Amino acid sequence: MSQSLHPVERALLRPFLLSSDREAFLPVDEIGRLSGLSSAQVQMGLEWVKSKGFVEERVDREETLLRPTDMGLSALSEGLPEERILSALSSGPRAMNDLRALFPDPSVASKAVGALKESGSIKIVEGGQVIRSGEAPPGIRILRKILEASAQEPVIFESLPKEEQEVLSLYQHRRGKEKGLVRSDLRSFRSYRLSPSFSLTLSDLDGAEELLGNVTPEMLQNKSWEGGTFRPFSVGSEAPRPQTGSLHPYREFLDEVRDHLVRLGFAEMTGSLVEPEFWNMDALFIPQTHPARNIHDIYLISEPKKASDTRDWPLDRVARTHEGRDSPAPTRGWRQGFDADQAKRLLMRSQGTALSSRTLANKPSVPGKYFAIARCFRHDQVDATHAVDFFQAEGIVLEEDASFRTLLGLLALLAREIAGVDRVHYKPAYFPFTEPSVELHAHHRDLGWMELGGAGLFRPEVTRPLGVDVPVIAWGMGIDRMAMFRLGLSDIRDLFTGDLSVLAGMNRSEERASTWQRI
Amino acid sequence: MPTLEGHLDDLNRLLDRPLAPGEMNRALDLVKGEWKHYDPATRRFKIELNDTNRPDLWSVEGIARQLRGGRPLPGHPYDFLEKAALREAGRPPEISIDPKLSAIRPFMGGFRATGGVLGEEGLAQLIGTQERLSELFGRKRRDLAIGVYPLEGMVFPLAYRTADPDRTRFFPLGGSAVLSLREIVSTHPKGLAYGSLVSDHLLWPILEDARGEILSFPPVINSQTSGAVGANDTALFVEATGGDPQRILLVLAILAANLSDRGFSVEPLLSAGAFGEILAPVPEKTTVSVPFGTPARVMGMEEDPRDFIEVLLNFGYPAISRSGKPETGQGGQPGTGSYEVLQPFYRDDLLGAVDVVEDYLVARGFDTFAPVMPRAFTPGQAAPRLKIENRLRRAFLAMGFTELLSNILTGEPLVTTRLGREADGLVRIDNPASLQYAVVRPTLLAGLLSAESRSSRHPYPHRIFEIGEAMDLCEGPPGGARRLRDRFLAAALVAHPQAGISEVQGILDALFERMDRKFSVSGEDLSPYIPGRCGVYKNLRGETVATVGEVHPATLDLWGIRMPAVAFELDVEALTARDSSQDSGA
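Those sequence lines, one after another, are chains A and B.
With the working numbering as the guide, the letters of the first sequence map in order to residues 1240 to 1758.
With the working numbering as the guide, the letters of the second sequence map in order to residues 7 to 592.
Incorrect hints may have been included.
[To be verified] Here are some, though not all, of the chain A residues that point toward chain B, as calculated from beta-carbon distances under 7 angstroms: (1) Ser-1329; (2) Arg-1497; (3) His-1499.
[Said to hold, decoys possible] Below, in silico cross-link-like pairs of lysine-lysine (BS3-like), each with a Cα-Cα straight-line distance of 27 angstroms or less: (4) A/Lys-1544 / B/Lys-196; (5) A/Lys-1583 / B/Lys-106; (6) A/Lys-1362 / B/Lys-196; (7) A/Lys-1350 / B/Lys-196; (8) B/Lys-146 / B/Lys-106; (9) A/Lys-1356 / B/Lys-106; (10) B/Lys-393 / A/Lys-1602; (11) B/Lys-196 / B/Lys-291; (12) A/Lys-1362 / A/Lys-1350.
Since the hints were made in silico from the structure, they are not lab data.
On a predicted model such as this, the values are computed, not experimentally measured, just so you know.
Yeah, the Cβ is synthetic: ideal placement off N, Cα and C, and Gly gets one too.
Whenever a hint applies, use it, and build me the whole structure from the sequences.
Now the structure itself:
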């Protein structure tokens, strides 16, 4: 048996045999010191001898290390939600709405108010006013103490007094481990001893005939292998893996979409992440009072607030169209004032169509096809279906005789080429910048009918002020959703995850994916 | 997008022919709606409506009306339009408007509806419609707000007038005591929500009846005395206030049509003030011209004028006439005239000819049109940037790197204090939804460090990279404001027990060689790297191409990373700038 031992295994077993008490467990660091092996060798060797049944393992102790999460760190500097509410109430009663306004996410306020109400720290009196009615709950004080300590160095959960442990467990149970202020990691300390069935002696380890190990260049050169015996290697055991890399599966998917579009004759448009409302909205005939232009739906820029160079903008023509001042009137317009100042406001691009309006104004080819796969930003609560920024694929087709029927043909083509589906349904839709407007629904063999995208013929109110007099087809597709099917994701945030294990999982599920027909 | 709830039996009572749940989704194509949810046990449904420009469809009555082709239900004609036309001249207005309201909330229109019964479903629809119209079409009551009252006990004429917010007191609906207008605004839930629409003014609007009884405080709340409308009410008064008489007339026309469909008889009322008169619910007649040939051009096939007219008449258009010369007869060439199309009284969404043509397509059904493939040949092309991006990505891949994709919006501390860098030059969001996403990333390093901090359980070594867009502020022209600068960056991070600067320098050199570039490197201290273990690569123009270094343990500690890490960041534009290729740094 000793013949098949690896030198690392021999070095590892030696300290156990030298030990005065064979029953005693040796801790891992002790084994490392006595064997002279590196810690990686010790780890690896222990796995081997354990799997061969030579040694027994014992978990001596486990500790839970506490560290603040990102949220915890910001709660440290800005105050816990409960603390902020109590301090806001120290100067008298406040309306619930005021309290909500303290936080970017109003649900944080609601949760904290709920907790404070439960502990009797606050009361809601008639008229919906909130007043302070007691001390801060002890849990909050304890939580702050733990946060402060763990921000310095990790705190060991088990070393905390019972009361604090309970408060923390309760808190994590309520908030969910991921969303809480404190993150916990388990660390375990193990030790080992020889198993009773282990029968080799020191001399067995030392006296074994030197068998041939790895094949080396020298061995081949001087033929020293001749007549020798090769030590058998454990072929069935787990082998070390090579370091591998991978391209991001979502980026790969986007590249495939891009390749399809290029093959279909589309040329790619790119642009800045920041657009003035003019190109993002006004040039697309989205009324200035449209809900999508509300400050709760777009991200405005702090500095500079407005575009300064508007020389190349057809500002006046667009304004006249919005106001319905053009005569003879091809459009009644929105019949409301047009604020050129609002048009200059800068925002994070909210739709890739901003690139299309710029292209139209910039002497596009006729016939011409253009597309963009653009990062867009939407002012939404971030959750499983809403990411703070995401990709949109869209395009335009300029053609002398483009029509509603060409639009339908193009959509069928995109559905087939990009999504690999043949059964489609065209549903009437509404977008402020196209008329007629169509939603493309495709039949997926597992998921049934799904919306793939939206499209339409640009309104003359869009094309004419930009100097285009041929019909223009515009289309857009929700590629994030298609990618999620393909990558087996149910949470859109995972497309942008930094967790390498999640990423590796995505790569694997892509291989398994039969979900979205071809793509 | 408005979503509405209703009861299947109620919807079917308003239709010519009852529809089964399975037929709904296709039927709703006519109103651009989606059958979102149906519970067979309660027979309740949810419909999502996509047309934000057709408020007439935001109710069960409106959907049913469109599905009936715009026709009134038997026995309940939309006769208020004729009644208004027959109103004798000189009859005094039923609502007087105080000229002092002109700077506050200048217009009010209203009508009476009698002789019907709402019932529970009708009441729920009325309240829901009022809510949707005020919130979405009226932009949270700013442009428009609607009040509905039981008519009983109300004495006409009514006065829409200004009032002193402190001395005017009444019992608000849903309140608990008589309050001044100002107290309502500071304590009542509706006051808190909508008070700010008028509270900047010295005087605030109220509506009172001929006895001086306060009916409401538009656009905030009705009075308790005038009461809430109930399912058994048979007589109602409906008003709308706002700044645009056209919108007021439109929503009142929609509500009048809805109530008429519920069996009410609508009586128009006149309101008069400094700005003139409003006879509600009678919107101005609007005609849209559709030049001959426009339908053909939009459809991509010949138009059949008779079919065009007939289909639209069956879709609710009250009248369509032809003017000018119709067909010239030569090969079906369209003539120079046009279809003159009268807009239905409950709609105001037709801006031009294409809107009418779209209704024709919708009414015929999109599936009746055969798709035609686009024929023109156009050369396709990916953005030039993509070529470089993909070359770099493949070079990283070949060296065993894993690609990451991070959000572009991030939290300010992640790209400042966590990197030991200044906040100067950051592009900030003025109205962030969350502090986690309050700035545009100026660097990709934070994304890599954040990934590293979350991946301690993933087997080491770690080699990760990202290529993508970033932004910062740079100096503008002398004396001018700072300008936004789009950046295109690539960054990489390596973490394992022996990670050191020479490893990443080697990687950088391999990348530069792949791109056929050479740059000179010089030691330069910069965060977040260990002083003396970092440096800068520059091109001949003196632009920074890359920064590289061993991440300082203090930084690693801030991120909770317990593994040595080295990193670099590349400016892809500076890397590929043409004249940099002759760099003689080596």
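*Index of numbered hints that the structure contradicts, given in increasing order*: Numbers 1, 3, 4, 5, 9 and 11 - these are the hints that the structure violates, sorted from lowest upward.
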